[in-house]
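Visitor: Take these sequences, add in the hints, and give me the full structure.
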Amino acid sequence: MVVSAAQQLASELVNRRDALNRELARNGVRFGIYKNGEYHDQLFPYDPIPRIIDSDEFDHLEAGLKQRVNALNAYLRDIYSDKRIVRDGVIPEEFVYTCSGYFPQVNGVTPPGGVFAHVAGEDLVQGEDGAWWVLEDNLRIPSGASYPLFARDIERRTTPRLFRDVRVRDNRDYPRLLRKSMDFVSTEGMAVVLSPGRYNSAFFEHAYLAEKTGATLVFPEDLEVVDGKLFFLDYAGRRHRVGVLYRRLSDEFLDPFAFNPDSVIGVPGLLSAYRAGNVAIVNAPGNGAADDKAIYYFVPHMIRYYLGEEPILNNAPTYMPLFERDRKEILDRLGELVIKDVAEAGGYGVVFGSSLDKDQREELAAKIVEHPRRFIAQEVIQFKDIDVVDSATGERTPRKCDLRAFVLTGQNTHVWYSGLTRYSSVPGQMIVNSSQGGGFKDTWVLAKDDSVERSTPPRVELIDPRISTVDPTMQAGVAQPSIPITKSKVENLYWLGRYTERVFTTLNTFLPFYDRVMDTDMDSFRPFARALDLPQDFTDFDTFITSFLYDGANPDSIRSAIRSAFMNAVPLRPELGSRLLQYIELAMGGIDDAAAHSSHADDLYDHRDINDLVLSFWGGIEDSQIDAPLKALLFLGKYLERMDLYTRFGLSEDGLLAPMRKMRTYMQVLDGLQMPECLDSGFMWLIERLPERGYVRIAAELGGMLSGLRTAHNENPNA
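Using this note's numbering, the letters of the sequence shown map in sequence onto residues -4 to 714.
Check each hint, because a few of them may be wrong.
As the list claims (entries may be wrong) - Cut-off 16 Å, straight-line C-alpha distance, at most; resulting in silico cross-link-like pairs (EDC-like, lysine to aspartate or glutamate):
| # | residue 1 | residue 2 |
| --- | --- | --- |
| 1 | K482 | E696 |
| 2 | K443 | D54 |
| 3 | K443 | D49 |
| 4 | K626 | D666 |
| 5 | K323 | E357 |
| 6 | K379 | D124 |
| 7 | K379 | E123 |
| 8 | K482 | E216 |
| 9 | K353 | D327 |
| 10 | K482 | E672 |
| 11 | K443 | E57 |
| 12 | K323 | E365 |
| 13 | K443 | E88 |
| 14 | K323 | D382 |
| 15 | K61 | E219 |
| 16 | K362 | D336 |
| 17 | K657 | D639 |
| 18 | K78 | E89 |
| 19 | K78 | E88 |
| 20 | K482 | D168 |
| 21 | K443 | D51 |
| 22 | K61 | E305 |
| 23 | K443 | E696 |
| 24 | K224 | D165 |
| 25 | K353 | E331 |
| 26 | K657 | E696 |
| 27 | K626 | E486 |
Derived by calculation from the structure, the hints in this document are not laboratory data.
Guide: Here's what the structure looks like:
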């Protein structure tokens, strides 16, 4: 009964797939890939037909996943300390110490709480006979939990009545479980999510999980190690102790002092702070020693050795070329097996012997003989096909799918009641990774017929739970940000304000000029171009307008300004929230759509919609629970840009009174705080140019505002 009701709900979602995909797009649910050395940010293809797992079946998976991850954590504790499993001959030492993920730099280090793999991504497939097989353990920086987490929220809002009637286990507790694991191992200080930067393929997830867990999203340049402790640096240069760091970059790049000296994205000295026990790192450095594809072969042995239990879940039948008997089996059956290069990931380095001709098989056989530690071979497991909706035809069609289950370990080990189901983009293809063009589905775990949901829904807050209504950092009447913010994010806020204003005012001013061109001639447009320092020698007016509005390669275009606003907004997801970022995402989609039909006469209506979205964004910021100083930084950038544009277009001084009043109001919010460098230099730049535009008095007033803010900061001992 439960299964049939869930299938009915799944069918309802298929009918609403366009609405679901629109919601995912407007929320910026993206991943990045590199092609030919270039970064491409794109939406993660989503299929509305969920994978449905029966309650009893998942209970079996849950028990097996807990068992497996507990054994892997025991193995990591052992090989970096006593090495009993090697001494007792269970795993040959050459497999341990030749593993690319084994780092002697952390030998002898027991992480805070004794946990190595806080977040495990276990990749499973279901055979055509219904049996589940574990294909891979991911214990370093497994990604993907954010996508089904986000998708479920949209599904629930799209079909609320059906979700009320169907007993699907709630999946909204992933952020709580993650933060609980982080807090369990934390030493002393704040929690941060360390991202290598905006152009990482999983950056959406970094920012989204920081938002949902209440941790601070940071980049390597925001951290420093002093006296063996890790500190976060805010925009004013103040240090804040970090107790737990959820790292989302590879071991090799974590610390140039300890690992790769050429790394420019690491934190110098981080490993020394970790070795001293002064900071917890989630997941622990050196975890790659347990998720090597060759070590995978020995996981059933680990379960028996450490836990004294028989494995609940199956390994795919695997052959090791280093063992003579296995090597002979591989070479004799090369055309039947799948060969994996243990150094590769993301679906790369996987070769199906059946796809090779005679010469290619001989070439691969020679490599296996020459480098036996580099490869493993596995029996081909025929995945169970699951229907997806073909994006071109709208018809259901079968695809190969896997499941990445997430296991979180802190004081206890928890299996998340959901998972990332990935499907192949090509019929019959067995590689499903997003980097290979695959998409994703939600994973529904059904509750028992006679039980309540087995996870507790998150507590509903009327305000953002990350923002305290009583600011603990209020000192001497000065409003300090309750969430420490970095210099780079201060600049993001400032430029987000400037670029959104540039879009809004430029479009508002552009349309009347363009209207006069239609009534007279194109010379009516030259004052507009002159005010914005645009070329005035255009001969083909339509080409000029197309370039000004839609050319992404033109840094002065409206499209470039929207893209710049978006690029500054995305790192601010934890501070602003996904709901507010929707408006910038939609504005970017709007200009892209307008560019696609720029020759049509009706595309000017799209510009009105873009400005409405900008207004909605500003209104949402003003009405939100975001810290007042953070709002002030954004709006000061906005009104500074407005003053620049208004004076370029020659508005009267009376027309400048309103933005001047707004600037005074927001300057008072920052009274006594450190003056951000970007804001100071922006004020100085505009003040220097106003006299030559004929606004001497306005320049003097702005200069007085700036001087007053500098004086207030110098007089505040707590700033």
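Visitor: So, for every hint listed, does it hold in this structure?
Guide: Against the structure, the hints:
1. K482 <-> E696: With a Cα-Cα distance of about 27 Å, the restraint between K482 and E696 is violated, given a limit of 16 Å.
2. K443 <-> D54: holds, 10 Å
3. K443 <-> D49: holds, 8 Å
4. K626 <-> D666: holds, 14 Å
5. K323 <-> E357: holds, 14 Å
6. K379 <-> D124: holds, 8 Å
7. K379 <-> E123: The given pair, whose Cα atoms are some 4 Å apart, holds under the 16 Å limit.
8. K482 <-> E216: holds, 10 Å
9. K353 <-> D327: holds, 13 Å
10. K482 <-> E672: holds, 9 Å
11. K443 <-> E57: Holds, at about 15 Å.
12. K323 <-> E365: The hint holds at about 14 Å.
13. K443 <-> E88: Since the Cα atoms of K443 and E88 sit roughly 46 Å apart, the hinted pair is violated (cutoff 16 Å).
14. K323 <-> D382: violated, 38 Å
15. K61 <-> E219: violated, 36 Å
16. K362 <-> D336: holds, 11 Å
17. K657 <-> D639: Given pair K657, D639 holds - Cα atoms ~15 Å apart, limit 16 Å.
18. K78 <-> E89: holds, 13 Å
19. K78 <-> E88: Roughly 9 Å separates the two Cα atoms, so the pair holds.
20. K482 <-> D168: violated, 32 Å
21. K443 <-> D51: holds, 8 Å
22. K61 <-> E305: holds, 13 Å
23. K443 <-> E696: violated, 69 Å
24. K224 <-> D165: violated, 38 Å
25. K353 <-> E331: holds, 13 Å
26. K657 <-> E696: holds, 13 Å
27. K626 <-> E486: With a Cα-Cα distance of about 13 Å, the restraint between K626 and E486 holds, given a limit of 16 Å.
Going down the numbered hints, you'll see the structure goes against 1, 13, 14, 15, 20, 23 and 24, while the others check out.
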